[in-house]
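Protein chains: 2
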Amino acid sequence: MEKKKNGGKNVTVVDCTIRDGGLINKWQFDDKMVRAVFQAVNASGVDYMEIGYRASEKMFPPHEYGAWRFSRDAKINEIIASENLNMKLGVMVDIGRVDEEDILTADESPLSFIRVATYLKDVKKAIALANMAADKGYEAFINIMAISTVNDFDLAAGLKEIEKHAPVTAVTVVDSYGALNCDSSKHLVAVFKDNLDSKKVGFHGHNNLQLGFANTIAAMEAGASFCDATITGIGRAAGNCPLELLLTYLDDPRFDIEPIFQIMQDEFVELRKKIEWGYLIPYMITGMLNEHPRVAIAVRNSEEKDNYADFYRKLTTPECYSN
Amino acid sequence: MEKKKNGGKNVTVVDCTIRDGGLINKWQFDDKMVRAVFQAVNASGVDYMEIGYRASEKMFPPHEYGAWRFSRDAKINEIIASENLNMKLGVMVDIGRVDEEDILTADESPLSFIRVATYLKDVKKAIALANMAADKGYEAFINIMAISTVNDFDLAAGLKEIEKHAPVTAVTVVDSYGALNCDSSKHLVAVFKDNLDSKKVGFHGHNNLQLGFANTIAAMEAGASFCDATITGIGRAAGNCPLELLLTYLDDPRFDIEPIFQIMQDEFVELRKKIEWGYLIPYMITGMLNEHPRVAIAVRNSEEKDNYADFYRKLTTPECYSN
Numbered sequence: 014m015e016k017k018k019n020g021g022k023n024v025t026v027v028d029c030t031i032r033d034g035g036l037i038n039k040w041q042f043d044d045k046m047v048r049a050v051f052q053a054v055n056a057s058g059v060d061y062m063e064i065g066y067r068a069s070e071k072m073f074p075p076h077e078y079g080a081w082r083f084s085r086d087a088k089i090n091e092i093i094a095s096e097n098l099n100m101k102l103g104v105m106v107d108i109g110r111v112d113e114e115d116i117l118t119a120d121e122s123p124l125s126f127i128r129v130a131t132y133l134k135d136v137k138k139a140i141a142l143a144n145m146a147a148d149k150g151y152e153a154f155i156n157i158m159a160i161s162t163v164n165d166f167d168l169a170a171g172l173k174e175i176e177k178h179a180p181v182t183a184v185t186v187v188d189s190y191g192a193l194n195c196d197s198s199k200h201l202v203a204v205f206k207d208n209l210d211s212k213k214v215g216f217h218g219h220n221n222l223q224l225g226f227a228n229t230i231a232a233m234e235a236g237a238s239f240c241d242a243t244i245t246g247i248g249r250a251a252g253n254c255p256l257e258l259l260l261t262y263l264d265d266p267r268f269d270i271e272p273i274f275q276i277m278q279d280e281f282v283e284l285r286k287k288i289e290w291g292y293l294i295p296y297m298i299t300g301m302l303n304e305h306p307r308v309a310i311a312v313r314n315s316e317e318k319d320n321y322a323d324f325y326r327k328l329t330t331p332e333c334y335s336n
Numbered sequence: 014m015e016k017k018k019n020g021g022k023n024v025t026v027v028d029c030t031i032r033d034g035g036l037i038n039k040w041q042f043d044d045k046m047v048r049a050v051f052q053a054v055n056a057s058g059v060d061y062m063e064i065g066y067r068a069s070e071k072m073f074p075p076h077e078y079g080a081w082r083f084s085r086d087a088k089i090n091e092i093i094a095s096e097n098l099n100m101k102l103g104v105m106v107d108i109g110r111v112d113e114e115d116i117l118t119a120d121e122s123p124l125s126f127i128r129v130a131t132y133l134k135d136v137k138k139a140i141a142l143a144n145m146a147a148d149k150g151y152e153a154f155i156n157i158m159a160i161s162t163v164n165d166f167d168l169a170a171g172l173k174e175i176e177k178h179a180p181v182t183a184v185t186v187v188d189s190y191g192a193l194n195c196d197s198s199k200h201l202v203a204v205f206k207d208n209l210d211s212k213k214v215g216f217h218g219h220n221n222l223q224l225g226f227a228n229t230i231a232a233m234e235a236g237a238s239f240c241d242a243t244i245t246g247i248g249r250a251a252g253n254c255p256l257e258l259l260l261t262y263l264d265d266p267r268f269d270i271e272p273i274f275q276i277m278q279d280e281f282v283e284l285r286k287k288i289e290w291g292y293l294i295p296y297m298i299t300g301m302l303n304e305h306p307r308v309a310i311a312v313r314n315s316e317e318k319d320n321y322a323d324f325y326r327k328l329t330t331p332e333c334y335s336n
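Chains as they are written, first to last, in our numbering: chain Y, 14 to 336; chain R, 14 to 336.
Be a bit skeptical, because a hint or two may be false.
The list cannot tell twin chains apart, which means a pair is met if one copy fits it or any two copies do.
[To be verified] Once the Cα atoms are required to be at most 27 Å apart in a straight line, the calculated DSSO-like pairs of lysine-lysine come out as:
1) Lys318 - Lys45
2) Lys286 - Lys327
3) Lys286 - Lys318
None of these hints come from the bench; they were simulated from the model.
For clarity, every value in this text was computed on a predicted model and none was experimentally measured.
Based on the sequences and whatever the hints tell you, model everything.
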């Protein structure tokens, strides 16, 4: 394909393979798999790797969740072992799901960044958490989820709060519902840029409408410079922008795509036999209707999984009219 | 998702489900399946349906190929049965693979259009075939394949020939290798428009880089008004722009997407268990390298089907350097 003209030198790539992929299987990846992903991403020239969520074990019973729901520092050190780190390692935190005591200071941790995931309505809580992370010595970020459900007026106000009060490198547009197209992605990046004088803008696409990659390109064209991707696009429901496509498009000599193909061959072929992600019609339908994918995930886990027309009718028939 | 502002009223949609899908299984769809696709597309408001190839039985042994390699008029009449035709029905012809005697005049046939598929180098032969179709009373079209491998200078010359000598409604950009992105798709549509004063421009995308739909949107933005799609994106290798996504995006009240979801539920779930199409890494690799998918199709039909890194190395290692 035709390559990005500037060689992608201004774009920072964030791998979220384990963090976002874990939303499918409660982060129950074995250590061999996580180490192989870590090594492949570390060898590929990708800039940042978000290896999991950091959460409090008081809130999530550890016997129900895999290690990457918590991403304890000791566990991360086991994965790194004797590898040289060519990239920054970090975790995502959700508001209200992590305690301050779960986060050591950065000089005691293998991590160098923390991303706060938030809905727009909770942006002040996100700012507080980002400040806590920054105070402990981490590079901080904020991801604003469900961005296809907010209006520009509220969004501008929230972004201005972040601009004023949050010591973050970037704020990321997160298309949680997979409802954006290239035009709306560009529009949102422009709103972010207009309200964030001192921060970079990031983009995290979902593939409900087969636009995860295309929207990421559009976002970059509009000025996003911090882009999320996952190997093979793994991620909850329709999944994400595939890392292999983003690296190919950016066409920067700092990237080596071969380790990414190698780990797909070594690990992802088997993984696909166990868990499901990607463009599937129920996810397409929630994307087109701008709804959370949870109803589509539920139908994919039921015997009705392939009853696409029934699912479409269920979601589009206004039952309340009969009342 | 955000909808196309003009409601897609200027865009003609061409379903190629059976014609392009048949490239996977030598058109061996049973009549029940083809009738169900015909009825769903006919009910959906789609403008044109290309139901198969028309080819000479002298060149393709009928026992090796399904009926839609030939799409005989009698067979098409069987499929239509007593349905009212809400759309135009047509076939694709390849240069040198059809005889004049295979094509009755339009008033003797249920078909109303014929599309000629050609490589740029054969454009004069395509013009002759398009004239034959037009002389017999059909609406004629030309599709230029492998468009990612031609230079603009040769392309402009070929298009000028078509403009001058071919009585066609539209000329279609066909991304046979799935190598285009949104920028190069727009560029090619612009070259077509510049050289075709009296014809519409069409677009036929492939999904090797998960851009089949996105490139179709980009092409429409650049002025393409005759767009190909298939149900679930079925088509050789990585497949095509999915009809369900295109209809949703166009958001025109003349379209009804429900019959498309219904036939996916009734027919395509089972079909997917038998034949393969869509975004798979070997197709992504040929797309990124701007190569014909045939080597990737061969690897998918071998025991090496999931050895992505091996395949990538094979295609990118310059063996001739050792000579």
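Given identical chains, is lysine 286 near lysine 327, meaning Cα to Cα at most 27 Å, within a copy, between copies, both, or neither?
-> Result: close only across copies, 26 Å inter versus 29 Å intra.
Within a copy, between copies, both or neither: where do lysine 286 and lysine 318 come within 27 Å Cα-Cα?
-> Both ways: lysine 286 and lysine 318 sit 17 Å apart in one copy and 15 Å across, limit 27 Å.
Measure nothing new, just compare the shortest in-copy and cross-copy C-alpha distances for lysine 318 and lysine 45 to 27 Å and report within, between, both or neither.
-> This pair counts as between: shortest inter-copy Cα distance 23 Å, intra-copy 31 Å.
Checked against the numbered hints above, the structure breaks none of them.
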